[in-house]
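Generate coordinates for the entire structure from the input sequences, incorporating the hints supplied.
Listed below, chain by chain, are the residues.
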Amino acid sequence: MTSMMDILVVLLLFLIKSFVADEQMNPAAGVTLPESTSQERPEDSVVVAITDSSILVGEDWVMDLTALDDSEEMLLIPLADHLRDVRSVREDIARLQGEDPNLGRVTIQGDREIEFAVLQRVMYTIGAEGFEEVSLAVIRTT
Amino acid sequence: MARRRLRRFREIVESDLEILPLMNLFVVLIPMLLLSAVFLELSVIHMAAPGGDEQAEVEKESFDLAVHISETSWEIRARNIETRVISRTEAGMVEADGSDGMTSAIDFATAVGRLHAALIEIAVDHPENKAVRIVSQPDTIYEDIIEVMDASRAAGLPEASLQAAGQS
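Quick note, the sequences are listed as chains F and E, same order. Residue numbering for the first sequence follows our numbering, beginning at 1 and increasing consecutively. Residue numbering for the second sequence follows our numbering, beginning at 1 and increasing consecutively.
These are calculated hints, taken from the structure and not from any lab test. Using N, Cα and C, we set each Cβ at its ideal position, and we do this for glycine too. Watch out, some of these pointers could steer you wrong.
Computed list of chain E residues with no C-beta within reach of chain F, every gap over 10 Å [to be verified]:
hint: 1; residue: SER73
hint: 2; residue: ILE81
hint: 3; residue: MET149
Derived lysine to aspartate or glutamate pairs resembling EDC-like cross-links, with alpha carbons at most 20 Å apart [what the hints assert, rightly or not]:
hint: 4; chain 1: E; residue 1: LYS130; chain 2: F; residue 2: ASP92
hint: 5; chain 1: F; residue 1: LYS17; chain 2: E; residue 2: GLU41
hint: 6; chain 1: E; residue 1: LYS130; chain 2: F; residue 2: GLU133
As structure tokens, this is what we get:
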């Protein structure tokens with residue numbers, strides 16, 4: 001019994017040390033973020049995740065990256081439609097709560113192996129939908 | 001009399017600690033903390049959304065510092081300075097030659113260090129400039145872009161913007 005208590009105490013101390021009270025952003029499933037020395041904390045925003053095979057908004061699948069091969073178009077229409085819907089929902093919630101939901105901010109969680117051509121189209125679409133600020137999510141290194 | 005006291009003392013000392021309530025508390029606390037624990041610390045790099053014509057206008061009039069990323073090199077270009085080409089092939093070439101990964105990692109770190117040093121030199125010569133354009137090929141890997149952004153920020157050029165090669 002005493003040895004189990006010892007294990008639990010050590011575990012508890014470790015977990016208390018890594019406990020963060022703020023709301024944290026977690027990487028989307030299937031995304032391996034690049035590492036960076038940036039120390040800026042993520043803020044509340046719409047999250048667009050780019051895995052090696054698809055694009056997601058929040059946890060919702062939006063489109064496959066294979067669809068990009070067939071088109072030269074910079075604007076990604078499924079993503080633009082989805083961003084418009086998310087923006088509308090956030091505006092409604094903010095109106096009801098009387099808060100500023102930071103409507104103009106998007107955080108891109110891009111897999112470290114994606115090509116610039118994909119990132120460029122996603123950023124172009126975000127800009128075309130009227131979002132003013134874009135943040136690139138990274139894993140913080142010291 | 002003395003023997004009876006000793007026996008009572010032993011009865012008191014030998015009783016077990018009541019740790020079951022503490023165990024119950026731990027069993028509740030540990031799952032709660034596990035759920036809220038952060039094992040990967042995320043941070044962000046802020047940028048302006050693309051599409052602003054004003055930004056392009058400012059760049060045309062100013063120093064217009066740009067780092068062009070290609071498969072084999074970084075090219076630092078700006079108005080009124082000589083173009084500098086920094087090789088980044090050591091990493092890939094060493095691995096292609098069959099040498100060990102440790103050597104390639106050191107070579108790559110050295111290459112990034114050279115880029116960093118060159119950007120610091122330019123930043124010191126032009127302290128009014130805080131912006132840098134990172135010009136990438138369509139197949140440039142996202143991680144390589146972040147690497148250049150880190151080197152620029154560390155050199156005192158925090159305002160990075162992305163651009164595709166061939167765009168004016």
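Evaluation of the provided hints:
1. For SER73 (chain E), the requirement that its beta carbon stay farther than 10 Å from each beta carbon of chain F is met, with the minimum near 16 Å.
2. The Cβ of ILE81 (chain E) lies farther than 10 Å from every Cβ of chain F, with a closest approach of about 25 Å, so its non-interface assignment holds.
3. Non-interface call for MET149 (chain E) relative to chain F: violated, since the shortest CB-CB distance, roughly 7 Å, does not exceed 10 Å.
4. Of the supplied pair hints, the one linking LYS130 (chain E) and ASP92 (chain F) is violated, its CA atoms being roughly 38 Å apart against a limit of 20 Å.
5. Distance restraint check for LYS17 (chain F) and GLU41 (chain E): the Cα-Cα separation of roughly 13 Å lies within the 20 Å cut-off, and the hinted pair is therefore satisfied.
6. Between LYS130 (chain E) and GLU133 (chain F), the direct Cα distance comes to roughly 18 Å. Compliance with the 20 Å bound is thereby established for this hinted pair.
Checked against the numbered hints above, the structure breaks hints 3, 4 and satisfies the rest.
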